[in-house]
Amino acid sequence: MSEQTLVRDLGYILVAAAAFVLVSRAARMPTIVAYILAGLVLGPVTGLLEVTASVELISRFGIALLLFIVGLELSLDRIRDVGKVALVAGLGQVAFTAAGGLVLCLLLGFDLAASAFIGVALTFSSTVVVVKLLDQKRELHTLYGRIAVGIFLVQDLVVVVALTLLAGLGSPGTTGPLALLREMVRAFAGMGLLLGGALVASRYVLPRVFGWAAGEAQTLFIWSLCWCFLLVLGAEVLGLSLEIGAFLAGVSLAQLPFNQDLRRRVHPLMNFFMAVFFASLGVQVEAGAAVAQWPAAVVLSLFVLVGKPPILMGIISRRGYGERTSFLASIAVAQISEFSFVFAALGLRSGLVDESVLSLIAAVGLVTMAASAYMILYNHELYARARQWALLRPLRARQEEDEVPPARPRGHVIVVGMNALGRRLVERLVEHGERVLAIDTDPRKLARLPCATLLGNVEYPSVLEDANVAEAKLLISALQIEDTNNVLAYRCRALGVPASIHAFDRSVEEVLSEIGVSHLLISKNAALRRIFAELAREGILAP
Amino acid sequence: MIGIATLLAGAAVAFGVARWLGLPAVPLLMLAGMALNLVGLVPPQLLEDAVVLGLTFLVFVAGLELDPRRVGAQRPAALRVGVAQFVLLGTVGLLAALGLGFDATTALYLALALAASSTLVVVRLLQVRQQLFEPFGRLVLGVLLLQDLLVILLIPVLPRLPRGVGVVALGVATAVALVGLAYVCLRWLMPLVVIRLGLDEESVLLVVLAFLFLFGGSAEGLRLPFVAGAFLAGVSLSAFPVNGLVRAQLNSLSDFFVAIFFTALGGFLVFPTAVELVQALVFAFLVVVLTPPLVTVLGERAGMSARSAIEGGLLLAQTSEFSLVVGLQGLVATQIVPGAFTVIALVTVVTMLLTPLVATDEMARRLMRFHPQRRRQMAGDGEPPRGHVLLLGCGENGMAVLEELIVLGHRVFVVDDDPGVIVQLRQAEIPALRGDGADRAVLERAGARHARVIVSTLGRPADSVPVLELAGGVPVLVRVFDDAAAQMIRRRGGTPVLVAEAAAEEFLEWYRAAEAAGALRPAGAEAAEVGASA
Chain Y
0 MSEQTLVRDL
10 GYILVAAAAF
20 VLVSRAARMP
30 TIVAYILAGL
40 VLGPVTGLLE
50 VTASVELISR
60 FGIALLLFIV
70 GLELSLDRIR
80 DVGKVALVAG
90 LGQVAFTAAG
100 GLVLCLLLGF
110 DLAASAFIGV
120 ALTFSSTVVV
130 VKLLDQKREL
140 HTLYGRIAVG
150 IFLVQDLVVV
160 VALTLLAGLG
170 SPGTTGPLAL
180 LREMVRAFAG
190 MGLLLGGALV
200 ASRYVLPRVF
210 GWAAGEAQTL
220 FIWSLCWCFL
230 LVLGAEVLGL
240 SLEIGAFLAG
250 VSLAQLPFNQ
260 DLRRRVHPLM
270 NFFMAVFFAS
280 LGVQVEAGAA
290 VAQWPAAVVL
300 SLFVLVGKPP
310 ILMGIISRRG
320 YGERTSFLAS
330 IAVAQISEFS
340 FVFAALGLRS
350 GLVDESVLSL
360 IAAVGLVTMA
370 ASAYMILYNH
380 ELYARARQWA
390 LLRPLRARQE
400 EDEVPPARPR
410 GHVIVVGMNA
420 LGRRLVERLV
430 EHGERVLAID
440 TDPRKLARLP
450 CATLLGNVEY
460 PSVLEDANVA
470 EAKLLISALQ
480 IEDTNNVLAY
490 RCRALGVPAS
500 IHAFDRSVEE
510 VLSEIGVSHL
520 LISKNAALRR
530 IFAELAREGI
540 LAP
Chain L
0 MIGIATLLAG
10 AAVAFGVARW
20 LGLPAVPLLM
30 LAGMALNLVG
40 LVPPQLLEDA
50 VVLGLTFLVF
60 VAGLELDPRR
70 VGAQRPAALR
80 VGVAQFVLLG
90 TVGLLAALGL
100 GFDATTALYL
110 ALALAASSTL
120 VVVRLLQVRQ
130 QLFEPFGRLV
140 LGVLLLQDLL
150 VILLIPVLPR
160 LPRGVGVVAL
170 GVATAVALVG
180 LAYVCLRWLM
190 PLVVIRLGLD
200 EESVLLVVLA
210 FLFLFGGSAE
220 GLRLPFVAGA
230 FLAGVSLSAF
240 PVNGLVRAQL
250 NSLSDFFVAI
260 FFTALGGFLV
270 FPTAVELVQA
280 LVFAFLVVVL
290 TPPLVTVLGE
300 RAGMSARSAI
310 EGGLLLAQTS
320 EFSLVVGLQG
330 LVATQIVPGA
340 FTVIALVTVV
350 TMLLTPLVAT
360 DEMARRLMRF
370 HPQRRRQMAG
380 DGEPPRGHVL
390 LLGCGENGMA
400 VLEELIVLGH
410 RVFVVDDDPG
420 VIVQLRQAEI
430 PALRGDGADR
440 AVLERAGARH
450 ARVIVSTLGR
460 PADSVPVLEL
470 AGGVPVLVRV
480 FDDAAAQMIR
490 RRGGTPVLVA
500 EAAAEEFLEW
510 YRAAEAAGAL
520 RPAGAEAAEV
530 GASA
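Residue numbers (numbering that gives the first Met the number 0), protein chains in the order written: chain Y, 0 to 542; chain L, 0 to 533.
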């Protein structure tokens, strides 16, 4: 039965990837690499897995969610300031890399057509790989992260144009400068239309619609996904990539108060689906053909890994960015993209190149994606090493930091749950002169508080990270949700942070004491004492 | 992509309507799925994939919630009530199905489908009403968890029935073996993987999902349904703190898949014939009418108060999302016809939609009047007392006040609407009246006008308004939970005791003491350390 196939395929992918992650824990293998390796094992090595329509659909779904998350993280304002550098660097990188690749391929003995083709294929960097890793490192919003994302968006437009052009090559009469111009205009007009639509919606429609459902996490979640796929469909209709549609959907929701919360919710789903995507990349490799091409594959992979970044670094540092930013942003592009595969497949179909080029590009793709995953994951260490060895001196980039990371709260008191008790605790603590951070899942409950606020569900570790619990003076939960309180108590204990947890009922006290909290806020006892005090005032009880 | 966008759009509309009308989302999702199927935009392959994956995650997360600690002290009671309700309702369902002319196998499926109540619907209601931790909330939770477990464990049994006892026994034995494996994982493996290895969030998710598919695959290898394995995978993660650490991530996966599942499932439904409609209504009627008295009697036997037992009964009066799973399994095993599945789905939709309308305070109050003990207790009380302390409501706080007053030798009179509490008080020879503290007649008989002081710990602030109006010069203390209620009580001449304020004040006392004792980390501790070491 076909349905069993999907479950079985997913099972294979996840089990194999989990095995890789667990076995290679010492090597701190990035999950992306584990997925690709799982795909290699399941596809070329054992032949257990084939890329079915369902797997394909899930992969595309994953990519859409990934770009949706990027959009949620980066509102338009945050990438506007890097627009210029992204445009220059994106186009410049394409030109220089294509030229370099062409020369290299000619030296390797390919004919001119194939060399030109491979050169272009090498210029595309993988948005998906980079964005996934930056997101994992939580560095999407940094200056270098924004520049990288900007470059990818520019490249995506180039890809769209290149792919449509190449598709047109098969049918004669549609090539030539006029067709190129037409495609460019079409792509940019489509982009403008979609962007305009998304902006109008984000200004006038979405806040009202989503505000109505605030506090209903599941409704918001499904609605956002629905909005994402509406724009993805819109992008497809306009001949744009799915990435751009999903990204714009994210951007249009980015200014709503719950964007971070939404991002956290979409995250696990995206991770799950992206596993399928990366594994399917590995599955599709023609191992035999790739092995036969190994000298060329090694040379080209080295070019992508080592040659591409300096080109970009030169361009970015010329625009006045500092050394660190230029380095980190440039390191990010040291791989080729899954589009390179699509591009090569199209080239094969239109007779420009033969089978061997396709498998060569696939091999270069896998090697560079895996290697650059490590490079991006350890980019700060790489930078330190490069400085140490004076590798960056020839660029003569500015040494100052471009941005100082914002100071995170420290020594603060965190209050979770803005019910009557939570609000009162916040007021009292602020009066007492404490720095207070209030957390709740409902934006309405966070309104009009005399302190800093954070919207999110504390069961997500990233919320606690954002609140910098590890350096807090105390965490208080006023929540009346037993499971969440227990998890909070547990996490605080693990971090060694004092916790005061609301024990709203006798029956929750035992477990909390077992976990070990600094203080149990037993509200019923407090109420009782107040009743006794009042009875004493009435002369019923002795004061 | 169009297919998936359509499914999502259907789910989005269903969620919107659910929020608008205050109904549970599950039945609306299924209706949306039916509508989408009529339009024909979703390819059948996608529907199948969505149902299979959705089902996997639905049972997985259900297993994850199966931490018996959440049931707390109510475990024995939950066991008794859960099993008894399951068996009794199942039997009634079986008889009714046979009476309606279904064949024996279909009747068994129908019986199993009717026996359990819905975790998704009930837990959500309890959460919204913040009643999960109340004794009856815990009992209901225990009942639900137990029934989920029973249904999942019985699902593998039904398809084997035609093949004789030996095959069934073998199936049960393998299921038990897999449960054993799950237990091993629960105790040793999962804490190791999730906590000790120190993996990042994504890797933990990866490993946990790998376990889901490993268990499912093993189940299939042992000729058990995949979902049974998925459920046990969830169970193996259900111990604290592992469940707490993975819950958030898995919940967002399940939120998505469950929404897609019910919508896609709706796509499989055929329009019912008139006969099927009548059959479904008969079953729905049985569930809604029989469950509350059944659970009330069982709950009271298990030591719950009448009010709690009634509320529990009302909450449990619907069939489960697992009823759909049961039906689906029967359909896949071709043991039941699509019509029978439609009947099961209809019963589920109808009873789930009725739950929020039936399980209300108002309804519980009304049903209390039919409680057999009420009449006995109301009759035979003498003159209203005078000069006493009148307690309205005798829950945890009320009882504590009562004890203190008794120790000091005060004359006390208690009004509570729970027969169990009243019996207990009368045994201790404390004058008490069973009734609604918001009822003027009851207040008159409790001597509210002539009391020395009145303490109200009634649940809703509005319930204390009658006593404030009636009491005249008598001081009235009212326990309230929020500012609005406190203001209302003060305006009407009462003295509010605001729990939040009292608790905040106590907290601040502790805070000052802890700060002085150096138990809290002083602000900028690290800076100070750096300074010291330099």
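Check before you lean on any hint, since a few could be wrong.
Claimed, not checked - DEER-style ranges, computed between Cβ atoms: (1) Y/Asp80 - L/Val16: 21 to 29 angstroms; (2) L/Leu276 - Y/Glu509: 45 to 53 angstroms; (3) Y/Val208 - L/Glu361: 27 to 35 angstroms.
To be verified - Simulated coverage check for chain Y against chain L, where a stretch passes if three residues somewhere in it have a Cβ under 8 angstroms from a Cβ of chain L: (4) 51-62; (5) 385-398.
Everything labelled a hint here was simulated from the structure, so no lab data went into it. Beta carbons are placed, not taken as given, at the ideal position from N, Cα and C, and that holds for glycine.
Each hint tested on the structure:
About 42 angstroms separates the C-beta atoms of Y/Asp80 and L/Val16, a value inconsistent with the hinted range of 21 to 29 angstroms. Between L/Leu276 and Y/Glu509 the CB atoms are about 50 angstroms apart, so this pair conforms to the stated range of 45 to 53 angstroms. For the hinted restraint 27 to 35 angstroms between Y/Val208 and L/Glu361, the CB-CB distance of approximately 33 angstroms keeps it satisfied. Here's how the region 51-62 of chain Y fares: 5 of its residues keep a CB closer than 8 angstroms to some CB of chain L, so the rule of at least three is met and the hint holds.
Under the rule that three or more residues need a Cβ within less than 8 angstroms of chain L, the assignment of the region 385-398 of chain Y is violated, with 0 such residues.
When the structure is compared with the earlier hints, violations turn up for hints 1, 5 and for no others.
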